[in-house]
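There are 2 protein chains.
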Amino acid sequence: MATIKDIASRLGIAVSTVSKGLNGASDISDDMRQLVLDTAVEMGYASKKLRAKSTRKVCILIENMDYENIDQFGYEIIMGFKLSAARRHWEVEVIPSDLNMQTAEKFDTYMLKNGFCGAFLLGFSLHDDWVKQLHKTTVPTVLLDNYIPVNQHVGYVGTDSMEGISLAVKHLYSLGHRKIAFLNGSKNSMVSDERYQAFIQSMTDCGLKPDDKLIEYGYYVPDCAKYHVPTFLENGATAILCASDLIASGVIAEIVKHHRCVPEDISVIGFDDLPLAAQLTPPLTTVRQDRTDLGKSAFLLLDGLVHNVTVSKMLLRAKFIERASTAPAKKIKNTASRSKSQNSK
Amino acid sequence: MATIKDIASRLGIAVSTVSKGLNGASDISDDMRQLVLDTAVEMGYASKKLRAKSTRKVCILIENMDYENIDQFGYEIIMGFKLSAARRHWEVEVIPSDLNMQTAEKFDTYMLKNGFCGAFLLGFSLHDDWVKQLHKTTVPTVLLDNYIPVNQHVGYVGTDSMEGISLAVKHLYSLGHRKIAFLNGSKNSMVSDERYQAFIQSMTDCGLKPDDKLIEYGYYVPDCAKYHVPTFLENGATAILCASDLIASGVIAEIVKHHRCVPEDISVIGFDDLPLAAQLTPPLTTVRQDRTDLGKSAFLLLDGLVHNVTVSKMLLRAKFIERASTAPAKKIKNTASRSKSQNSK
Numbered sequence: 001m002a003t004i005k006d007i008a009s010r011l012g013i014a015v016s017t018v019s020k021g022l023n024g025a026s027d028i029s030d031d032m033r034q035l036v037l038d039t040a041v042e043m044g045y046a047s048k049k050l051r052a053k054s055t056r057k058v059c060i061l062i063e064n065m066d067y068e069n070i071d072q073f074g075y076e077i078i079m080g081f082k083l084s085a086a087r088r089h090w091e092v093e094v095i096p097s098d099l100n101m102q103t104a105e106k107f108d109t110y111m112l113k114n115g116f117c118g119a120f121l122l123g124f125s126l127h128d129d130w131v132k133q134l135h136k137t138t139v140p141t142v143l144l145d146n147y148i149p150v151n152q153h154v155g156y157v158g159t160d161s162m163e164g165i166s167l168a169v170k171h172l173y174s175l176g177h178r179k180i181a182f183l184n185g186s187k188n189s190m191v192s193d194e195r196y197q198a199f200i201q202s203m204t205d206c207g208l209k210p211d212d213k214l215i216e217y218g219y220y221v222p223d224c225a226k227y228h229v230p231t232f233l234e235n236g237a238t239a240i241l242c243a244s245d246l247i248a249s250g251v252i253a254e255i256v257k258h259h260r261c262v263p264e265d266i267s268v269i270g271f272d273d274l275p276l277a278a279q280l281t282p283p284l285t286t287v288r289q290d291r292t293d294l295g296k297s298a299f300l301l302l303d304g305l306v307h308n309v310t311v312s313k314m315l316l317r318a319k320f321i322e323r324a325s326t327a328p329a330k331k332i333k334n335t336a337s338r339s340k341s342q343n344s345k
Numbered sequence: 001m002a003t004i005k006d007i008a009s010r011l012g013i014a015v016s017t018v019s020k021g022l023n024g025a026s027d028i029s030d031d032m033r034q035l036v037l038d039t040a041v042e043m044g045y046a047s048k049k050l051r052a053k054s055t056r057k058v059c060i061l062i063e064n065m066d067y068e069n070i071d072q073f074g075y076e077i078i079m080g081f082k083l084s085a086a087r088r089h090w091e092v093e094v095i096p097s098d099l100n101m102q103t104a105e106k107f108d109t110y111m112l113k114n115g116f117c118g119a120f121l122l123g124f125s126l127h128d129d130w131v132k133q134l135h136k137t138t139v140p141t142v143l144l145d146n147y148i149p150v151n152q153h154v155g156y157v158g159t160d161s162m163e164g165i166s167l168a169v170k171h172l173y174s175l176g177h178r179k180i181a182f183l184n185g186s187k188n189s190m191v192s193d194e195r196y197q198a199f200i201q202s203m204t205d206c207g208l209k210p211d212d213k214l215i216e217y218g219y220y221v222p223d224c225a226k227y228h229v230p231t232f233l234e235n236g237a238t239a240i241l242c243a244s245d246l247i248a249s250g251v252i253a254e255i256v257k258h259h260r261c262v263p264e265d266i267s268v269i270g271f272d273d274l275p276l277a278a279q280l281t282p283p284l285t286t287v288r289q290d291r292t293d294l295g296k297s298a299f300l301l302l303d304g305l306v307h308n309v310t311v312s313k314m315l316l317r318a319k320f321i322e323r324a325s326t327a328p329a330k331k332i333k334n335t336a337s338r339s340k341s342q343n344s345k
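These protein sequence lines are chains D and Y, in that order.
Per my numbering, the first sequence runs over residues 1 to 345.
Per my numbering, the second sequence runs over residues 1 to 345.
Errors might be hidden in some of the hints.
Note that identical chains are pooled: a pair holds if it fits in a single copy or bridges any two copies.
[As the list claims (entries may be wrong)] Below, in silico cross-link-like pairs of lysine to any residue (SDA-like), each with a Cα-Cα straight-line distance of 20 Å or less:
hint, residue 1, residue 2
1, LYS170, GLN152
2, LYS213, HIS307
3, LYS20, THR3
4, LYS20, GLN279
5, LYS136, LEU167
6, LYS313, VAL191
7, LYS113, TYR173
8, LYS113, GLU93
9, LYS319, GLN152
10, LYS136, PHE320
11, LYS132, SER189
12, LYS57, LEU233
13, LYS20, ASN308
14, LYS170, THR137
15, LYS209, ALA2
16, LYS330, HIS258
17, LYS319, ASN308
18, LYS113, VAL15
19, LYS313, GLN152
20, LYS132, GLU93
21, LYS170, VAL150
22, LYS213, GLU322
Please keep in mind that the hints were generated in silico from the structure rather than gathered at the bench.
Start from the sequences, fold in the hints, and give me the full structure.
Written out as structure tokens, the structure reads:
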């Protein structure tokens, strides 16, 4: 591991100047400071202070995710993480991130500059610069719902989509549904890929043939429902599985607009079990992600990475929550779809 | 959750008798004690004592796995688990298990009777009675290398086979090997299934067609090599990937018996990185499973389950260790296999 001396000799400057750069002293230029930091990062420098047990400080970087009140997806994740961190006397800073921050400097430089010995990233996508840089980071980092191969300093925490989607599809199948539509989250995300695979696998396990016209990608907002629900209905869907409760709320509203009833005509299932799920009309059947446990697990994982326990994946159980938005498939539709599915074999 | 009173009323006996049964008092018959324990388990009873923080006692049940000295696979796993447990003042008993124990009584009964609030199972297979019972257990339990769906009280810890096998296959591919054989571990185990899938996927990712004649299942002992290595050689393999270092040691011996050299004629890769790997002739290129970290992670997972954090899977990074048992594929063989693989497309 590089020392302050190594950095000084690489740059041909005094050790005291390097030290000033690393510690944010005001009597060197911004350019020199940046040069010292960039070189330190490049050489894999980690200060004793960051490694010392007594002063551990980590950050939660958050992007594209609401977290400010308890109804929002990120809230309990952050609470769970903070709870576990507090028990170990780690300091946690929650930092909303944006593209500008990512353009301004490298992830490792940002972490070093701000004295963070680890990070938990929420809501980032694989396209983000900082996420791309994680392939080579030496900073212990945990990602929610995204996975970086090979790098031992990075881990992934999430809910087991395979099990969650499978429970939902089996439930619909047991109610007689055969034409099941899936409105997924946004493309280019690992969790959407996984849920797509899980949906295909679960349908196949039930002996059903997934229908391309009944599978679409949206965004994690209610509004995306209007672009896809009409097509699903035209193509004979009797049930719609959604990648989030927010999407499901939009789907229910859209179904009602089309003068159909939930669950009498169309069954709807969400994902997450946000507080809003139980308050919808009808109360939403959904797949629960325990967000407090996600936060706690993220902390456990980060704690492991900081201590060189190279966990790469930590998956939580999904829990199926049955409420009132699912019901037996209508008899007629059911027979029609059955004969169709038999024809298509 | 059932109480002592519930059990007494179900059995129509005094609360004091139930209490005696649960606490192993000597003044009730063995039959009555067994009845009380079985009923308690059936009703989901968990004593306050077991749930209390101060007296946590867990067991490591171990079967079909050597663990008594540092050269053996189980040793460091148990050490890692014990280290983490000691830091939290949990008591750990290591118990060699066998079929008789499993026939004698149910898993949950055994745990309750012996005052264990959790278990870590090593070396068990999906066919074991106790593993089958895990689908319905309420005892927090962690399995190495095996997975139980849906039950929130059970978790799985292991090394990421996909990544490990992929690193090995890519390494062989980069050395010019095209006819790569895979000698897997025993059938009917989740980890063998996963490694099989990983091998097929990794070959496909490299643009190679997996050849059924070059894929076999063995056992985790050197001796199994003699049944498969001759077939691999006859079918033109230039490299053999093995599911454990022990298997690889047998494979090297068998290759030498056939008057071929490792790595000049045939490259060999192991899995695990046991201490023996570096001592073989030639020193073995292998995929490292960090066994101490597996033990530590198993404890973290069990700790989570005891506190109702329902982690289902925890995977560790595999690390590729290059030593001297792999070398560039022989030019002639390489060309031959290339033209063959082109023909087979």
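For each hint, the structure was consulted:
1. LYS170 - GLN152: between (37 Å within a copy, 18 Å between copies)
2. LYS213 - HIS307: Cα proximity of LYS213 and HIS307: none, with 48 Å in one copy and 43 Å across.
3. LYS20 - THR3: Within one copy only: 14 Å inside a chain, 64 Å across chains, cut-off 20 Å.
4. LYS20 - GLN279: Neither, since 55 Å and 48 Å both go past 20 Å.
5. LYS136 - LEU167: Answer is between: at 17 Å across copies they meet the 20 Å cutoff, but 37 Å inside does not.
6. LYS313 - VAL191: Cα proximity of LYS313 and VAL191: in one copy and across copies (13 Å, 16 Å).
7. LYS113 - TYR173: neither (54 Å within a copy, 41 Å between copies)
8. LYS113 - GLU93: within (14 Å within a copy, 46 Å between copies)
9. LYS319 - GLN152: Answer is between: at 9 Å across copies they meet the 20 Å cutoff, but 30 Å inside does not.
10. LYS136 - PHE320: Classified as between; 17 Å across copies, 38 Å inside a copy.
11. LYS132 - SER189: within (13 Å within a copy, 35 Å between copies)
12. LYS57 - LEU233: Answer is neither: 51 Å inside a copy and 56 Å across each miss the 20 Å cutoff.
13. LYS20 - ASN308: neither (29 Å within a copy, 47 Å between copies)
14. LYS170 - THR137: Close neither inside one copy (41 Å) nor across copies (22 Å); limit 20 Å.
15. LYS209 - ALA2: Neither: 57 Å inside a chain and 44 Å across chains, both beyond 20 Å.
16. LYS330 - HIS258: Intra 17 Å, inter 68 Å, cutoff 20 Å: intra-copy only.
17. LYS319 - ASN308: between (31 Å within a copy, 13 Å between copies)
18. LYS113 - VAL15: within (17 Å within a copy, 64 Å between copies)
19. LYS313 - GLN152: Classified as both; 11 Å inside a copy, 18 Å across copies.
20. LYS132 - GLU93: Neither, since 22 Å and 45 Å both go past 20 Å.
21. LYS170 - VAL150: Only across copies: LYS170 and VAL150 sit 13 Å apart there, 34 Å inside one copy, limit 20 Å.
22. LYS213 - GLU322: Classified as neither: same-chain Cα gap 27 Å, cross-chain 48 Å, threshold 20 Å.
Checked against the numbered hints given earlier, this structure breaks hints 2, 4, 7, 12, 13, 14, 15, 20 and 22; the rest are met.
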